[in-house]
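There are 2 protein chains.
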Amino acid sequence: MARRIGIKDVAAAAGVSVTTVSYILNRVEGKRASAETRQRVWQVAEELGYKLNNLARGLRTQRSQTIGFIGDEIATTPNSGRIILGAQDAAAAQGMVLLLVNTGGDEELERRSIEMLLQRQVDGVLYAAMYHRVVELPESLRSTPTVLLDARCEDPAVPFVVPDEVQGGHTAVRELIEHGHRRIGMTIGVDDIPALQGRIEGYRRALEEAGIRYDPSLVAAEKAVRIGTPAGDADAGYRAARRLLIMEERPTGLFCFNDRMAAGAYRAAAELGLSIPGDLSVVGFDNQELVSETLYPALSTVQLPHYEMGARAVTQLLALTGTPDSPPGPVTQEMLHCPLVARASVTSPPRL
Amino acid sequence: MARRIGIKDVAAAAGVSVTTVSYILNRVEGKRASAETRQRVWQVAEELGYKLNNLARGLRTQRSQTIGFIGDEIATTPNSGRIILGAQDAAAAQGMVLLLVNTGGDEELERRSIEMLLQRQVDGVLYAAMYHRVVELPESLRSTPTVLLDARCEDPAVPFVVPDEVQGGHTAVRELIEHGHRRIGMTIGVDDIPALQGRIEGYRRALEEAGIRYDPSLVAAEKAVRIGTPAGDADAGYRAARRLLIMEERPTGLFCFNDRMAAGAYRAAAELGLSIPGDLSVVGFDNQELVSETLYPALSTVQLPHYEMGARAVTQLLALTGTPDSPPGPVTQEMLHCPLVARASVTSPPRL
DNA sequence: CACGGTTGGTGAAACGATTGGCCAACCCGG
DNA sequence: CCGGGTTGGCCAATCGTTTCACCAACCGTG
Chain A
1 MARRIGIKDV AAAAGVSVTT VSYILNRVEG KRASAETRQR VWQVAEELGY
51 KLNNLARGLR TQRSQTIGFI GDEIATTPNS GRIILGAQDA AAAQGMVLLL
101 VNTGGDEELE RRSIEMLLQR QVDGVLYAAM YHRVVELPES LRSTPTVLLD
151 ARCEDPAVPF VVPDEVQGGH TAVRELIEHG HRRIGMTIGV DDIPALQGRI
201 EGYRRALEEA GIRYDPSLVA AEKAVRIGTP AGDADAGYRA ARRLLIMEER
251 PTGLFCFNDR MAAGAYRAAA ELGLSIPGDL SVVGFDNQEL VSETLYPALS
301 TVQLPHYEMG ARAVTQLLAL TGTPDSPPGP VTQEMLHCPL VARASVTSPP
351 RL
Chain B
353 MARRIGIKDV AAAAGVSVTT VSYILNRVEG KRASAETRQR VWQVAEELGY
403 KLNNLARGLR TQRSQTIGFI GDEIATTPNS GRIILGAQDA AAAQGMVLLL
453 VNTGGDEELE RRSIEMLLQR QVDGVLYAAM YHRVVELPES LRSTPTVLLD
503 ARCEDPAVPF VVPDEVQGGH TAVRELIEHG HRRIGMTIGV DDIPALQGRI
553 EGYRRALEEA GIRYDPSLVA AEKAVRIGTP AGDADAGYRA ARRLLIMEER
603 PTGLFCFNDR MAAGAYRAAA ELGLSIPGDL SVVGFDNQEL VSETLYPALS
653 TVQLPHYEMG ARAVTQLLAL TGTPDSPPGP VTQEMLHCPL VARASVTSPP
703 RL
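Taken in order, these protein sequences are the chains called A and B. For reference, each letter of the first sequence is one residue, going 1 to 352 in my numbering. For reference, each letter of the second sequence is one residue, going 353 to 704 in my numbering.
Keep in mind that the hints were calculated from the coordinates and are not lab data. All of these numbers come straight from a predicted model, not from anything done at the bench. Where hints are given, some of them may not hold.
[Stated by the list, open to error] Selected chain A positions facing chain B (in silico; Cβ < 7 Å): (1) Arg226; (2) Pro230; (3) Ala231; (4) Thr294.
In this text, a Cβ means the ideal position worked out from N, Cα and C, and glycines have one as well.
Start from the sequences, fold in the hints, and give me the full structure.
Here is the structure:
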């Protein structure tokens, strides 16, 4: 196989020095070259099929044009793929590429993974912990620009991007209220994650705004048996919804902590002979299309802006480290808007 | 910030040459060093917190310890995350890391993406096209070891790993037959992808084996309206299933092309007052847990071995390029077994 | 014609590792 | 004391870029 051709081959073929070639190919400002030379170099480079060697450049410039993405459970939650996608797109737009590692939540593995990233001189790191958790930043990342994804950290110096759970919960419940519902239940699991607190807060605020008294008996918590699995959530959602629906004065609207729990609510409703949305309106959270779209009628839900989160995180990171165009900026912490995705599971409450 | 410390710092601190440090740290065979020196170097490296610079090493050795992963629709299909995960795990086990790019199916973007990978001197490439399609390998990848993932290629010189769709279809239908079903329908979409042909083939073989005549009227094809979306598939699955279930002599078992279509079948059954699995047994394909587990009763289905595919692809790639331990091997093309995931949607047919 | 300013470059030292070739010192038998 | 093998280790080139520092030639001007 023919040796890969480098900058010096181009220089030789064009009859100039490598310095000149480098200047021209990189469009370095302030360095002059005649239009003719410039033209010739480009052409020769093209003809020879010159490809930059990023390892060599990185060695010299101390920037690898590479971003490390470290996730504790890549793809365990399906939508996390969208985070990666968003990050990758934003990175690619700046000529950067994502270096992916996964830790499966294992400390030791995480250490090794981070090491592999640092060894490769990543320009920065995206540290993604699914489910909007509170985490602490591994020591080894202290010295590299890092932004947290779907997670936050005690230390205020660490930038992050998370979904605005409160606004999301508020939006979900508002959708019910606007359709005329006054008696609105909520079904939740029992894990104490920030996401849960936020969504409950949103629920309460929306009620309050509408002048509806908050009734604790309308929020039903059930523990998932097989925790974290779709089946576990759906089952917990079923039990929680059932409890609410057999109440004396049952709610006409239901806000479910997530789409999986909403699936359980559908089952509970069906079992009790309640039709959706005729007898019961339901709104979920997450917009996992595999659930929200395959349910019938399709589930109205609030979307977790995964793609945007990935994209914003990269943008933040790049702002942090500075790009050729712009200087390094300040640490930012961002909460992203969660839009409503209205489908067919919400309508006016039945007249009594 | 203190300059990162390099091999020469270690050498200086240990009072030896960089050559010696390199030999020791890399455990180069055939190069001798006294036990004492060895010990000292390790210790000094540890104390100073020496970290290898992979860019520099890669520049010298012409291996970046990096694998490019290029997908046309990363994470569009949720389980594709599992492919990446499998690949990442297998790579990490060999000290390699995945460089991720996505093309969104755009030719131009693909070209640029591949370029970015090659620029970074990846040791090999995983080219993943979701949905087991037939693709042709981009010209620019010809000169780099590449293995196809969930895709195949006309050229027999290109290694690939795909699921064994025929076996999968066979397994699905066998599950029904073993429970006593003789009248088994199949619901499919209309896209002509290899996956479809394979699964149909598996269906026919299983019937044949059991001495059941193949009846074309029992395979119902419906075109998805919003193609590719879960809602589209579910809807097509609903229509197809409905057609079969209102037949004079309706099937007692249903093999659905995928889990989304199975979700549609559930709806059709419910609408017609048929209970699952009492009146109708259903088996899906893909094992998208978000669907198969949130359906009620939980869906028996055949699993696409995404994780293993990713892992095997990396193994193949590494075999192809050769590792320190083993020499480069031959091109291999692999079909992976699709196991049955039995849940609650299959039982014996109702007695008539 | 001497001089300062521009134009259009060039040379060579990094960056941080790997590795082929060389070599001094020691040991041991004869 | 010589010769040859082994031990333990070092020199310097190299990988492909970037970039600092320098410079020859030319041009217009006073």
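Cross-check of the supplied hints:
no.	hint	result
1	Arg226	9 Å, violated
2	Pro230	4 Å, holds
3	Ala231	4 Å, holds
4	Thr294	4 Å, holds
The structure shown violates just one earlier hint, number 1.
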